[in-house]
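Asker: So you can see what is in the structure, the chains are spelled out below.
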Amino acid sequence: MAHAYTPGLKAIPCTRLTKNRLLPIPGKVLVEKDKQVGALDVVAETALPGRVYPMNIANRLGINPDEVKGFMIKQPGDKIKKGEVIAETKPFIKWFKTTIESPVTGTVDSLSEITGQVLLRATPKILALKAYVKGKVIDVQPDFGVTVESEGTFIQGIFGIGGETNGEIAVAVDSPDQELLPENIKTEHKGKILIGGQHAGIASIKKAIEVGVNAIIVGGIHDKDLRKILGYDIGVAVTGTEKIGLTLVVTEGFGMIPMAEYTYKLLISRKGEYASVSGATQIRAGVMRPEIIIPGFPKDINECKKEEGRGWIEPGDPIRIIREPHFGVIGTVHSLPSELTKVHSESMVRVLTVELSGGEKIVVPRANVEILEK
Amino acid sequence: MENKDLNVIIATDCGSTTTKAILIEKKGDTYRQTFRGEAPTTVEAPFEDVTKGVLNAITEVEELSGRKLLDGEKIILPSDGDKGADVYVSTSSAGGGLQMMVAGAVKAMTGESAQRCALGAGAIVMDVLASNDGRADYEKIERIRQLRPDMILLSGGTDGGTVTHVVELGQFIKAADPKPRLGASYKLPIIYAGNTKAQPQIKDLLGDNTALIIAENIRPSLERENLMPARHKIHDIFLEHVMQQAPGYPKLMDMVSAPIMPTPAAVGTMTQKFAKANNYDVLAVDIGGATTDVFSVFSEIFNRTVSANLGMSYSISNVMAEAGLANILRWLPFDIDEQDLRNRLKNKMVRPTTIPQTVESLQVEHAVAREALRLAFDQHKALAVGLKGVQQERSISDAFEQAGSGQTLINLMSLNYIIGSGGILAHSPRRTQSMLLMMDAYQPEGITAIAVDSIFMMPHLGVLAQINEQAALDVFYKDCLVRIGTCVAPKGIAKENENIMEWDMVEEGGKKHSGTLRYGEIIKIPMEGNAQLTAKPVKGFDLGAGPGNKISKKVEGGTVGIVLDGRGRPLSLPKSHAKRIENLNKWYKAMEIYPA
Numbered sequence: 001m002a003h004a005y006t007p008g009l010k011a012i013p014c015t016r017l018t019k020n021r022l023l024p025i026p027g028k029v030l031v032e033k034d035k036q037v038g039a040l041d042v043v044a045e046t047a048l049p050g051r052v053y054p055m056n057i058a059n060r061l062g063i064n065p066d067e068v069k070g071f072m073i074k075q076p077g078d079k080i081k082k083g084e085v086i087a088e089t090k091p092f093i094k095w096f097k098t099t100i101e102s103p104v105t106g107t108v109d110s111l112s113e114i115t116g117q118v119l120l121r122a123t124p125k126i127l128a129l130k131a132y133v134k135g136k137v138i139d140v141q142p143d144f145g146v147t148v149e150s151e152g153t154f155i156q157g158i159f160g161i162g163g164e165t166n167g168e169i170a171v172a173v174d175s176p177d178q179e180l181l182p183e184n185i186k187t188e189h190k191g192k193i194l195i196g197g198q199h200a201g202i203a204s205i206k207k208a209i210e211v212g213v214n215a216i217i218v219g220g221i222h223d224k225d226l227r228k229i230l231g232y233d234i235g236v237a238v239t240g241t242e243k244i245g246l247t248l249v250v251t252e253g254f255g256m257i258p259m260a261e262y263t264y265k266l267l268i269s270r271k272g273e274y275a276s277v278s279g280a281t282q283i284r285a286g287v288m289r290p291e292i293i294i295p296g297f298p299k300d301i302n303e304c305k306k307e308e309g310r311g312w313i314e315p316g317d318p319i320r321i322i323r324e325p326h327f328g329v330i331g332t333v334h335s336l337p338s339e340l341t342k343v344h345s346e347s348m349v350r351v352l353t354v355e356l357s358g359g360e361k362i363v364v365p366r367a368n369v370e371i372l373e374k
Numbered sequence: 001m002e003n004k005d006l007n008v009i010i011a012t013d014c015g016s017t018t019t020k021a022i023l024i025e026k027k028g029d030t031y032r033q034t035f036r037g038e039a040p041t042t043v044e045a046p047f048e049d050v051t052k053g054v055l056n057a058i059t060e061v062e063e064l065s066g067r068k069l070l071d072g073e074k075i076i077l078p079s080d081g082d083k084g085a086d087v088y089v090s091t092s093s094a095g096g097g098l099q100m101m102v103a104g105a106v107k108a109m110t111g112e113s114a115q116r117c118a119l120g121a122g123a124i125v126m127d128v129l130a131s132n133d134g135r136a137d138y139e140k141i142e143r144i145r146q147l148r149p150d151m152i153l154l155s156g157g158t159d160g161g162t163v164t165h166v167v168e169l170g171q172f173i174k175a176a177d178p179k180p181r182l183g184a185s186y187k188l189p190i191i192y193a194g195n196t197k198a199q200p201q202i203k204d205l206l207g208d209n210t211a212l213i214i215a216e217n218i219r220p221s222l223e224r225e226n227l228m229p230a231r232h233k234i235h236d237i238f239l240e241h242v243m244q245q246a247p248g249y250p251k252l253m254d255m256v257s258a259p260i261m262p263t264p265a266a267v268g269t270m271t272q273k274f275a276k277a278n279n280y281d282v283l284a285v286d287i288g289g290a291t292t293d294v295f296s297v298f299s300e301i302f303n304r305t306v307s308a309n310l311g312m313s314y315s316i317s318n319v320m321a322e323a324g325l326a327n328i329l330r331w332l333p334f335d336i337d338e339q340d341l342r343n344r345l346k347n348k349m350v351r352p353t354t355i356p357q358t359v360e361s362l363q364v365e366h367a368v369a370r371e372a373l374r375l376a377f378d379q380h381k382a383l384a385v386g387l388k389g390v391q392q393e394r395s396i397s398d399a400f401e402q403a404g405s406g407q408t409l410i411n412l413m414s415l416n417y418i419i420g421s422g423g424i425l426a427h428s429p430r431r432t433q434s435m436l437l438m439m440d441a442y443q444p445e446g447i448t449a450i451a452v453d454s455i456f457m458m459p460h461l462g463v464l465a466q467i468n469e470q471a472a473l474d475v476f477y478k479d480c481l482v483r484i485g486t487c488v489a490p491k492g493i494a495k496e497n498e499n500i501m502e503w504d505m506v507e508e509g510g511k512k513h514s515g516t517l518r519y520g521e522i523i524k525i526p527m528e529g530n531a532q533l534t535a536k537p538v539k540g541f542d543l544g545a546g547p548g549n550k551i552s553k554k555v556e557g558g559t560v561g562i563v564l565d566g567r568g569r570p571l572s573l574p575k576s577h578a579k580r581i582e583n584l585n586k587w588y589k590a591m592e593i594y595p596a
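Here the protein sequences line up with chains W and U, keeping their order.
Residue numbers for the first sequence follow our numbering, beginning at 1 and rising by one.
Residue numbers for the second sequence follow our numbering, beginning at 1 and rising by one.
Mixed in with the good hints there might be a few duds.
What the hints assert, rightly or not - Under the rule of at most 27 angstroms between Cα atoms (straight-line distance), these lysine-lysine pairs were calculated in the DSSO-like manner:
# : chain 1 : residue 1 : chain 2 : residue 2
1 : U       : LYS179    : W       : LYS28
2 : U       : LYS187    : W       : LYS28
3 : W       : LYS130    : U       : LYS179
4 : W       : LYS342    : U       : LYS589
5 : W       : LYS125    : U       : LYS187
6 : U       : LYS550    : U       : LYS524
7 : W       : LYS224    : U       : LYS575
8 : U       : LYS491    : U       : LYS512
9 : W       : LYS342    : U       : LYS586
Worth flagging that the hints you see were computed from the coordinates, not collected in a lab.
Please work from the sequences and hints to get the whole structure.
Answerer: Laid out in structure tokens, this is it:
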């Protein structure tokens, strides 16, 4: 049977997944192998080196760089407090004395007799790394972190902003093609993961931030709204560090696009349950998509699927068209002709025939469809 | 290697997503590229071994050519009858290529020299640190700490000059304690190529905690730039440190017959060889999904820049952000809702592998491509400059010219050849599209030949040129360059429809063409071979021989032919909406770039 390799976003009711939770620099791992962890449990921590504050003591005291050492009250390695005097001149008349205070609490890092520069280092900051998903620690990387394994519902979005968050799933719309309006967002949605429908405008996103919603999951957003909310244009899809007050996951794309019905139904089937959500997106080598993970089985499933999806399409598979002129349309693969076909733009490409819900058949480049993975 | 020993060559380029293999065979006295194969690059999980993709790509060449090249996981070297190859060479940009941070005492002087040095070696420059870069000192330290480069190039000061600034930069680097991108356990390589007098202090500062390598000063005096010794060190470290950490590369390094080159360094080598062999000024561009590389050779000086976030898929939205929506819209001969265009570009960003199905969609991509090419070229012009800070002797005649040091080396009138590569230029449904995109973005002046490298073979040939330059040039002329044609563009400004040039042309077969070029029009003359062009621009218009002067020159035809571009230089689009659309339609029709 003909088939073609096609990328797709996952929407799997139950799968087994692993998450590597690693510190950026060596630190201490706080949990052992085989331990069950909750999403908010701290699994590893480290002390991030404090910010360095260079101060040119020679310039400030009006002395030569090689004289700096003699004017220092605090020497490299000494602890210092903010406002404490670290260097001073020693004039005969004390009114003419010049002192230099530390702008920071920490230590004196180094001193140079060539440049007259002294580097001060602020106290280290503790980074506490959470498990993010509820599950079992299956591997420990000494000094760096752990791998957590979890079983549950796994849904990928196409684009997101904001980092990792958690909360209970709440539903604000009645159907996947309903727009998430400000009036759908209530005070009881505070701290929740809110499922919208086809689109969230700027007023709705602002209302959700105001209410204290942890994350919004919708089909689409307009780019101009994204620009307004961030204050700049996203040039390259590398996100996850934005701090707008919530995490936003877009499941379909930019524009008014109903959420795929399957994704919507899967999400509402887990209403009231606790989910882990990340908006981090990276569309380059090492692709990372935003995600929603809901540990545990949906009500009608008793056994967890372990397969990762097959990664190609065959006739009969449901697909979504991801480029104009049929952007967002969902259909079924009818056939996969092997020969190159000239499309309207005159490009010679490999195509497939898609059958739409009304029975109409259209020809689309294979590169312009996405498999709806279940 | 002598030509008689070299009959069969296999070459690969390991890109971020695809590994491409080509087979080159000696046919009589010349070398030709005969077969090619490709396979997905296997640097990332689950394979994490670049050689898997290389072997897969070579297997495809084996299947197509019928020549046995592999014995298990080994390339059969040397050739024996219909088996094996005489050499195997490779380039690589997989896993993000070579990423560097550079530092110099003064941004416009040693900072720029360090940037040119790293870019010419094929690196992506993540940041340029300088004493006067406008950032507070603590911000510089934070930045060094955040970035995880493959190596740092530290320069600063002329030999014997003051050591303070460069030592200060050394202190910042030490305080930041930067970590390398690959291999958390090894020391970050730092090349010191600054004031020789500061070497002892730099060794004291960085000798213990980093892998410090000392190279000759890249700016021994204000008047002299000495980039090659530091560039060689960069290549050595790329092979010894960076490649050793990348998945499967130690194996690949054992397989090759010549050192692996970073892909852009190989393209740069080929551009220089081509320019030198023909005594040309050359501009070469590779516009990819994420980045755009620009290479130039003007008056024998080579420069390369990489615009890390200007590209046609991953970075398409950044082109919009940097160029502004209005600059993209100006190339479209129809109205489109701003919100719709924004959403379309963002959707391409998040689904980068989709292709335009409709003509309208293709036109939108072409509009973005013009702006990406233009912006990358602007960045190139800013870096491809003469040395700054140099005192110039001036005569009385120069006194009225305000030109100072640091003038751009790019001269569009002396430019002989433009070579385009990358999907949007190499695989356009019509070659006229590639030609007009490059004409609009670069606005070449006078007489300029235009070609594309349709399967991006320049990396393979650049690395091959290390072993055998003739083989590389043979294949470059015969199989790599797809000649599109020549753009003839008189420089000047006039009123629409004014006569700006009388011209006649005689094709090699004797066929004659002649006519008048009017301001604002494009005339396309299909012609595959070459022709002798004689043209006399009117007063105020220049074709390279001076304003109003006649020129007679051999011009190169191609898949499109000779294009007489009467739109003037600099090219400006009408401000009136209706007139702009009318002109765009007129030009697109003259070039026959889209289906009627």
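Asker: CA of U/LYS491 to CA of U/LYS512, is that 27 angstroms or under?
Answerer: holds, 25 angstroms
Asker: Would you check the hint for W/LYS130 and U/LYS179, treating anything up to 27 angstroms between C-alpha atoms as holding?
Answerer: holds, 24 angstroms
Asker: Does the structure keep W/LYS224 and U/LYS575 at a Cα separation of 27 angstroms or less?
Answerer: Between W/LYS224 and U/LYS575 the Cα gap is close to 25 angstroms, so the pair holds against 27 angstroms.
Asker: For W/LYS342 and U/LYS589, compute the direct alpha-carbon distance and say whether it is at most 27 angstroms.
Answerer: holds, 21 angstroms
Asker: Quick one, are U/LYS179 and W/LYS28 close enough, alpha carbons at most 27 angstroms?
Answerer: OK: U/LYS179 and W/LYS28 at ~19 angstroms, within 27 angstroms.
Asker: Just to be careful, I want the Cα atoms of U/LYS187 and W/LYS28 compared with a cutoff of 27 angstroms; is the pair within it?
Answerer: Answer holds: U/LYS187 to W/LYS28 is near 22 angstroms, not above 27 angstroms.
Asker: Regarding the pair W/LYS125 and U/LYS187, is the alpha-carbon distance no greater than 27 angstroms?
Answerer: holds, 24 angstroms
Asker: For the pair supplied as a hint, U/LYS550 and U/LYS524, confirm whether the alpha-carbon distance does not exceed 27 angstroms.
Answerer: Answer holds: U/LYS550 to U/LYS524 is near 21 angstroms, not above 27 angstroms.
Asker: Would you mind confirming whether the straight-line C-alpha gap from W/LYS342 to U/LYS586 stays at or under 27 angstroms?
Answerer: holds, 26 angstroms
Every hint, counting from the list given before, is met by this structure.
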